[in-house]
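A.B. asks: In case you want the letters, here they are:
There are 2 protein chains.
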Amino acid sequence: MLRLIFVTNNRHKIIEAENILKKYNIKIEKPLVGMKKLEIQSSSLEEIIKYAADYLFKMNFCNFFIEDAGLFIDHLNGFPGPYSSYVYKTIGVDGILKLMDGISNRSAYFLSVVGLCFKDVIKIFVGEVKGKISLEARGEKGFGFDPIFIPEGYEETFAQMDLEKKNSMSHRAKALRKMAEYLKKFY
Amino acid sequence: MLRLIFVTNNRHKIIEAENILKKYNIKIEKPLVGMKKLEIQSSSLEEIIKYAADYLFKMNFCNFFIEDAGLFIDHLNGFPGPYSSYVYKTIGVDGILKLMDGISNRSAYFLSVVGLCFKDVIKIFVGEVKGKISLEARGEKGFGFDPIFIPEGYEETFAQMDLEKKNSMSHRAKALRKMAEYLKKFY
Numbered sequence: 278m279l280r281l282i283f284v285t286n287n288r289h290k291i292i293e294a295e296n297i298l299k300k301y302n303i304k305i306e307k308p309l310v311g312m313k314k315l316e317i318q319s320s321s322l323e324e325i326i327k328y329a330a331d332y333l334f335k336m337n338f339c340n341f342f343i344e345d346a347g348l349f350i351d352h353l354n355g356f357p358g359p360y361s362s363y364v365y366k367t368i369g370v371d372g373i374l375k376l377m378d379g380i381s382n383r384s385a386y387f388l389s390v391v392g393l394c395f396k397d398v399i400k401i402f403v404g405e406v407k408g409k410i411s412l413e414a415r416g417e418k419g420f421g422f423d424p425i426f427i428p429e430g431y432e433e434t435f436a437q438m439d440l441e442k443k444n445s446m447s448h449r450a451k452a453l454r455k456m457a458e459y460l461k462k463f464y
Numbered sequence: 278m279l280r281l282i283f284v285t286n287n288r289h290k291i292i293e294a295e296n297i298l299k300k301y302n303i304k305i306e307k308p309l310v311g312m313k314k315l316e317i318q319s320s321s322l323e324e325i326i327k328y329a330a331d332y333l334f335k336m337n338f339c340n341f342f343i344e345d346a347g348l349f350i351d352h353l354n355g356f357p358g359p360y361s362s363y364v365y366k367t368i369g370v371d372g373i374l375k376l377m378d379g380i381s382n383r384s385a386y387f388l389s390v391v392g393l394c395f396k397d398v399i400k401i402f403v404g405e406v407k408g409k410i411s412l413e414a415r416g417e418k419g420f421g422f423d424p425i426f427i428p429e430g431y432e433e434t435f436a437q438m439d440l441e442k443k444n445s446m447s448h449r450a451k452a453l454r455k456m457a458e459y460l461k462k463f464y
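Protein sequences appear in the order of chains A and B. Sequential numbering from 278 applies to the first sequence in this note's numbering. Sequential numbering from 278 applies to the second sequence in this note's numbering.
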């Protein structure tokens with residue numbers, strides 16, 4: 278059994294990560310006092326996560342992982358990208374659907390970047406899932422832009438899938454499984 | 278004559294600031310090597326500027342000012358706000374107009390926050406201008422979302438005004454003049 282701190286306030290992400298990592302015998306723990314993820318502004322999720330991991334490490338924290346994800350819509354030049362969470366809170370799912378109204382190129386992808394600090398080494402893992410923006414919001418599961426994202430090869434949106442199904446090919450699941458595979462040699 | 282470094286890559290902002298500050302006998306200088314503005318993600322421009330100023334000060338830089346601005350649209354819950362530059366580069370003026378299509382409440386405001394480091398003290402100055410989002414883009418002057426912002430009491434957008442007129446009541450001009458007034462006692 279390996280214990281790792283997941284530095285996040287997003288309970289949906291914790292549930293998804295627990296579901297994946299328990300299969301690897303990795304247990305998620307709560308952040309310690311003072312552990313706060315600092316996010317810089319950048320169009321690169323990888324740069325954001327690297328900075329945030331380094332920042333925590335410089336404060337003498339390790340044995341943690343952090344994750345940042347974004348929805349990148351081709352027709353909108355990658356918008357909302359790294360600012361997906363802010364965009365979700367302001368213009369929301371309806372705003373994205375309005376921006377995509379009448380647009381035939383609906384290609385998009387979800388990207389997840391995980392930053393792990395373990396044994397004083399920082400490692401970055403990336404997961405991606407291609408898909409498209411649906412014509413209307415569907416489903417109540419998941420969170421964020423899940424109701425308007427249909428992964429390639431499926432008919433349902435992420436928000437219409439149960440946890441196991443979403444975790445079978447989501448961006449976040451892919452990045453977290455890469456992390457878990459890397460950690461295998463240590464325990 | 279006072280000399281201050283304006284840490285920015287935005288030549289439009291430099292031109293606006295020069296126009297204002299020369300009246301106060303303040304001369305703008307170019308950033309030194311290694312002076313880079315680090316922007317964190319936050320819904321508060323003030324927090325972003327404070328962090329960026331502290332960051333440069335910790336690297337032993339002072340005698341500078343930095344500025345961050347955003348367009349806050351009421352109907353869109355403040356979007357694009359602190360991420361105006363990213364939103365401009367991705368969905369642009371057309372994206373904002375599409376989001377506002379059919380919306381009667383077009384109230385918005387531009388906010389500018391200036392962070393000054395002078396004599397080893399960091400000071401923050403805020404400027405705001407209320408207005409509304411135009412129905413279509415108008416004008417070629419200014420930059421960013423200027424073509425769709427009509428300040429209160431005017432008919433033209435910022436992009437239809439010459440520099441002197443925009444600087445007579447813009448958010449950035451207000452914040453910079455507050456900084457200049459504060460600095461008066463030192464020279």
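Keep in mind that a hint or two might mislead.
Claimed, not checked - Restricting the straight-line Cα-Cα distance to at most 30 Å, the calculated cross-link-like pairs of lysine-lysine (DSSO-like) are:
no.	chain 1	residue 1	chain 2	residue 2
1	A	K400	B	K313
2	B	K300	A	K327
3	B	K396	B	K335
4	A	K400	B	K314
5	B	K327	A	K313
6	A	K313	B	K299
7	B	K409	A	K366
8	B	K307	A	K313
9	A	K314	B	K304
10	B	K418	A	K327
11	A	K375	B	K418
12	A	K304	A	K335
13	A	K335	B	K400
14	B	K314	B	K418
15	A	K335	A	K400
For the record, the hints were derived by calculation from the structure and aren't laboratory data. This one's a predicted model, so the numbers in the text were calculated from it and none came from an experiment.
A.B. asks: All the hints need checking, so say for each whether the structure fits it.
C.D. replies: Quick rundown of the hints versus the structure:
1. K400(A) to K313(B): This hinted pair holds, its Cα atoms lying about 26 Å apart.
2. K300(B) to K327(A): 43 Å, violated
3. K396(B) to K335(B): 14 Å, holds
4. K400(A) to K314(B): Cα-Cα ~26 Å, so holds.
5. K327(B) to K313(A): Measuring from Cα to Cα gives roughly 18 Å; hence the hint holds.
6. K313(A) to K299(B): Violated, because 42 Å separates the two Cα atoms, which is more than 30 Å.
7. K409(B) to K366(A): 22 Å, holds
8. K307(B) to K313(A): Distance ~34 Å between K307(B) and K313(A) Cα, so the pair is violated.
9. K314(A) to K304(B): Since the Cα atoms of K314(A) and K304(B) sit roughly 38 Å apart, the hinted pair is violated (cutoff 30 Å).
10. K418(B) to K327(A): 38 Å, violated
11. K375(A) to K418(B): 28 Å, holds
12. K304(A) to K335(A): 24 Å, holds
13. K335(A) to K400(B): 27 Å, holds
14. K314(B) to K418(B): The given pair, whose Cα atoms are some 26 Å apart, holds under the 30 Å limit.
15. K335(A) to K400(A): 15 Å, holds
Hints 2, 6, 8, 9, 10 from the earlier list are contradicted by this structure; the remaining hints agree with it.
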